[in-house]
Amino acid sequence: MSGVTAKIRWYVRELTGESAYDRYVERERAAGHQPLSRREFEIRRMKARESDPRQGFRCC
Amino acid sequence: MALIGAAGWTVLALARGEHVSAAWMLAAALGSYAIGYRFYARFIATRVLRVDATRATPAERLDNGVDYHPTDRRVLLGHHFAAIAGAGPLVGPVLAAQMGYLPGTIWIIAGVVFAGGVQDMVTLFFSVRRNGRSLGQMARDEIGPFGGAAALVAVFAIMIILLAVLGLVVVNALAGSPWGTFSIGMTIPIALLMGGYLRWLRPGRISEVSLIGIALLILAILGGHWVADSSWAATFTLSPKALTAWMVGYGFVASILPVWTLLAPRDYLSTFMKIGTVALLAVGVLIALPDLKMQAITHFASRGDGPVFAGSLFPFVFITIACGALSGFHALISSGTTPKMIQKETQVRMIGYGAMLMESFVGIMALLAASVLDPGLYLAMNAPAGVIGKTVATASHAVANLGYTITPGQLAAAAHAVQEKTLLSRTGGAPTLAIGLSTILAKAFGGASMKAFWYHFAIMFEALFILTALDAGTRVGRFMLQDTLGNVIKPFKRVSWWPGLVLCSAVVVALWGWFLWSGVKDPLGGVNQLFPLFGIANQLLAAVALAVCTVLLVKSGRLKWAWVTGVPLVWDAAVTLTASWQKVFSGDKKLGFFAQRSTYQDAIAHGKVLAPAKSMGDMHTVVTNSTVDGVLSAVFAVLIVIVLADAARVCVAAVRRPEAHRPQETPYVESRYVAPAGLVATRAERAELAEAGLTSEGGQRRRE
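Here the protein sequences line up with chains P and H, keeping their order. Under my numbering, think of the first position of the first sequence as 1, with each following residue one higher. Under my numbering, think of the first position of the second sequence as 1, with each following residue one higher.
The set of hints was computed from the structure by calculation and includes no laboratory data. Treat the hints with caution; some may be incorrect.
As the list claims (entries may be wrong) - The calculated lysine to aspartate or glutamate pairs, modelled on EDC-like cross-linking and capped at a C-alpha distance of 20 Å, are:
id, chain 1, residue 1, chain 2, residue 2
1, P, Lys47, H, Glu697
2, H, Lys493, P, Glu50
3, P, Lys7, H, Glu208
4, P, Lys47, H, Asp72
5, H, Lys293, H, Asp374
6, H, Lys490, P, Glu18
7, H, Lys493, P, Asp52
8, H, Lys443, H, Asp374
9, H, Lys521, H, Asp618
10, P, Lys7, H, Glu697
11, P, Lys7, P, Glu18
12, H, Lys560, H, Glu659
13, H, Lys451, H, Asp229
14, P, Lys7, H, Asp72
This structure is a prediction, so every number in the text was calculated from the model and none was measured.
All chains should be built: construct the whole structure from the sequences, respecting the hints.
This is the structure:
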């Protein structure tokens, strides 16, 4: 059962983009950079979304 | 599978007299989807497109962890589906049910298998081969500046009409309904709360805050019941005009607020609600297996005098049902976001074609929900007030004149069952869908006492993502406007330049607001005037997408396969041009905008007021609306002809001198990625994954 719950959790985190930060941290560390804090990272993501509304656009 | 599909079709086609079970409709749909996906989509992927598993996708080559990054195929399918499926596949089929369930069912299923799924998949494939270039850019690169400009104008026009139509759907669903208005109104503070939580309390914890949001939404629906019975009811009982003013104001403010305050949190909520409700409805239909009460084909199909929308079966069923069968809008999602995230070229079938099949299934369920209603009730809800009148008695009489029966008592009881004052002329599809959905869900879960809850749940579900679409659509329209104006006045290019942002937002909101306002005021009924226009615009965009695909097939030396997108293109052009021709030139004042205009203009000249108009002001409204709508229909038709002519010119030139017309494609780079093509990995794919040291998610080859 816990396997199924973990899979659902993984799917929801991926679908909502919640896991983006983990991916980012992994990337930055691999490149030897100090990653931004989660708060700063999320603020930056929202700014990016603001600057091009076509990303994440929904259809009719 | 084939047998199930065939049995479903046989029963649907032959059954007459007794009610047909909805199960047959589902069987016909699912059986046909399985065959289409297994054979036709596979044929297109392997033989026509020749997808190449060894070729690296933009996600792999340009991986930056932000917009380009290889995403698990099952997650991307969810993303892509959530992006393409909105209110469209729910509204169109409900309106098309006026012609009976059979024409709509045939078009939704055949349309998706041969046109819609093909368009989405082929556009996705070509965009993947071009680093995720957008439809507009591909039209400009491959057809020419005319094709590119036509695509741009089409996208902008369709956006405006779409937002107005969606707004009208919400206005008609909420007018005079304190329960609905309160619960939808509450989504604003809920979204603000979620936005603040993500910003200040726990940044990035999206699933957590979405759970809180959904719980609050359910409370808001329950609270709406209480408000409707309390002294606050009057405060939340709004007229269509008041609601319109609120919506326009909301659209403007929401579109200039930062994304994190309203748009992002609403988007999470509406995505969860969308996927959840669609799944719930599918389960509900399977448990309840209701009978279809609508006829297979009604007399409106041949006579073309239906009250929901005018015109006969061809072309208007194919215009009314766009999303779910063939929707040009999807080409914007298939070229843009999704191609930058796909792991393998081989996955275009599952993501492009597969997600479109899922949307088609949503369309089938919407048609089914409308068809389980008594046809008399369906007509009383969907015919404009000008036809139906204001009381249950006049409505019952009008329905009898249309050839169906429903007693005033039955009409009153239907409204009472969902705790609404009236269900008459609740046009726009949402309330009809909500009644159908509440009938099905109440039968499956909770019984008759839950009917009012499910009705308002359904209204909430639709209004939630329509309001999100108003916000997001206004932003996209504004962005396009800023980009275009920026070519002339430099500061506009900077999207965060405050005066430009406010001005462009105001212009976009004013444009859709004007159509919404005139739709609300129109004595002939807004939905039946505007919806065909929206359908034509959407199919125009599909023509652009299919033309780009056909040109690319020809240019890349696949002339013998050009029919794959060429035939749907010809069909789409025939439908769209016939519809716009009739809308412009028909002498029937119910159908032709200019015939309507001159009838009312003549009456004004003679000082007469024609029913259903009640005053000279109404008469002038009709004249203005029919002029604008008629001109727009003509403009859309001209745009289609330009795109087609330009595409044909490029095709002929490419056939004559292939060497001078090579398509622009990013060069081949070998892929180091391993990932299955379909939802479930085949045995060979599992072996390959194991050999590369990977799980079913796929990823970069770890072992050579």
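Query raised in the report: So which hints don't hold here, by number, going up?
Result: 1, 4, 6
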